[in-house]
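Chemist: Residue numbers (this note's numbering), protein chains in the order written: chain X, 12 to 265; chain B, 3 to 268.
Please note that the accuracy of each hint is not assured.
Some chain B residues close to chain X (C-beta under 10 Å, calculated; not the full set) [claimed, not checked]:
id, residue
1, Ser121
2, Leu208
3, His236
In case anyone wonders, no lab produced these hints; they're calculated from the structure. Ideal Cβ positions, reconstructed from N, Cα and C, are used throughout, including at glycine.
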Amino acid sequence: MPTATFRIWRGDITGGKFCDYRTDVAEGMVVLDAIHRVQAEQVPDLAVRWNCKAGKCGSCSAEVNGMPRLMCMTRMNQLPIDAPITVEPMRAFPLIKDLVTDVSSNYRAKQRITPFKPRPPDAADGTWRMAQEDVDRIQEFRKCIECFLCQDVCHVLREHRLHEQFIGPRLLVHVAALEMHPLDIESRAEELRTVHGVGYCNITKCCTKVCPESITITDNAIIPLKERVVDECYDPLTKLFRIFRPARAPEAPG
Amino acid sequence: MDGANVLGERNFGRTARRDAWWVQPLAVFGVLSAFVVYATWAALQTSYYTFGPYLSPFYSPELFGDSAHAWFGPKPGWWPGWLPWSPALLILWAPGGFRLTCYYYRGAYYKAFWADPPSCAVGEPRRSYWGEASLPLVIQNAHRYFLYLALLFLCVLSYDVWKALWFVDPASGETHFGIGVGTLVLATNVMLLGSYTLGCHSLRHLVGGRIDRLSQAPARLRAYRCASCLNRRHMSWAWASLVAVAFADLYVRLCAMGIWSDWRLF
Ligand code: SF4
Ligand code: SF4
Ligand code: FES
Ligand code: FES
Chain X
12 MPTATFRIWR GDITGGKFCD YRTDVAEGMV VLDAIHRVQA EQVPDLAVRW NCKAGKCGSC
72 SAEVNGMPRL MCMTRMNQLP IDAPITVEPM RAFPLIKDLV TDVSSNYRAK QRITPFKPRP
132 PDAADGTWRM AQEDVDRIQE FRKCIECFLC QDVCHVLREH RLHEQFIGPR LLVHVAALEM
192 HPLDIESRAE ELRTVHGVGY CNITKCCTKV CPESITITDN AIIPLKERVV DECYDPLTKL
252 FRIFRPARAP EAPG
Chain B
3 MDGANVLGER NFGRTARRDA WWVQPLAVFG VLSAFVVYAT WAALQTSYYT FGPYLSPFYS
63 PELFGDSAHA WFGPKPGWWP GWLPWSPALL ILWAPGGFRL TCYYYRGAYY KAFWADPPSC
123 AVGEPRRSYW GEASLPLVIQ NAHRYFLYLA LLFLCVLSYD VWKALWFVDP ASGETHFGIG
183 VGTLVLATNV MLLGSYTLGC HSLRHLVGGR IDRLSQAPAR LRAYRCASCL NRRHMSWAWA
243 SLVAVAFADL YVRLCAMGIW SDWRLF
């Protein structure tokens, strides 16, 4: 059985360092298996968060050889084992211990988003009707597993630490799912610009690149939101056009 | 204290990535720089931009100029003497601005030219950051206005292809229908530019993306689907059309200079 060296970050907010551990790697193993093996055989106090081992709970996010990844979905045969494999916690979030970070800022940011508000029910029994083609577009956003890998790779949060000014790609995906929802009647354009800081995104698409659910974050969520902000805040022609447009029924598309 | 501080400061280019992350930004830097240098040189030539019925896309529409393609006659008298004159300078700001404010190119050149970030999960040279939230980059939001102009240019360039189908017989002076390699070059350019322009994110938004209940507007739903289809490959169309437009200019130029001879298919 081949062996690989894992260079794992060990430490907490007071400090720490990378430590090397050698362990056997068998066919079909993922990085999380190897971390568990190191934990079982060598360092029982190694902190690592995980849950499903199936890429669905979003708990095992870390950085493997410098790229944000789910450890349970990173197969060992994708990684060269001729050099140590670095495994470190997500850099965009406060460290708790070893590979575990505090991602609660994302939940707080979510609370700043205007919640879903549906139009009055379509039918007397209090239910609504939605066309398939109208929900197709937001279906993709609902695949999000809140692993926060996109938040981790986003340089606005990772390098510039603008957590207070910018809600980040994951939460922009959430806003897009609300904004484009065929039943929702709220407009979040103004808060996107002022509170959520959509203008900080410079569309470099790193979030899209790392998303384990292959959500087209930049092209299908963030850019359409930027365009909605342009409609509301930066486009005098659209504003003029709206003033002179004949009034429509309140539940008409818009 | 947060994770980044304990794990050590990230300086420019620092990363734990082991792949060749610098290849892509370097390629973008190289190709875009080469294009800008060539386009500037070609725009300042003021000669060899037409050949027979062909007109270089860098010079189209030729509002004022000395060739037979000029719309309003020769160089206007009011053009300031200290400013270099070229028919291309009158118009190139529009397609240039369109590409400069294109969402795809923005992301690409912020990485390649400004290292913001140099590549995903790679350290940056600067601490300060404003993004597109304030001046100067908030101006990028004018992209849709450049789109309107780009759509006009697309019509003009399509008309140029039509004109490139009619050749004057030097002996009789009569005009005949024909197709030369140059016609195909110009047509390919328009096809690629069209795929790039019609897949624009702003266009996708304007034709349908801004509506939440598209099912109630079937024509717009169809338009939205077409724009989305082209938009999925927006990056590829962006590069293909960039190369095509420079090549079309080069082709016309080489023919006009007599270095290359245009081959008439019929
Ligand atoms: S595209 Fe925007 S949100 Fe995504 S990583 Fe880049 S800057 Fe962050
Ligand atoms: S958008 Fe993708 S990368 Fe971001 S939290 Fe959701 S699943 Fe993870
Ligand atoms: S353990 Fe659930 S996503 Fe990896
Ligand atoms: S987004 Fe690329 S041309 Fe508009």
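Chemist: Going through the numbered hints above, which ones does this structure break? Give me the numbers in ascending order.
Modeler: none
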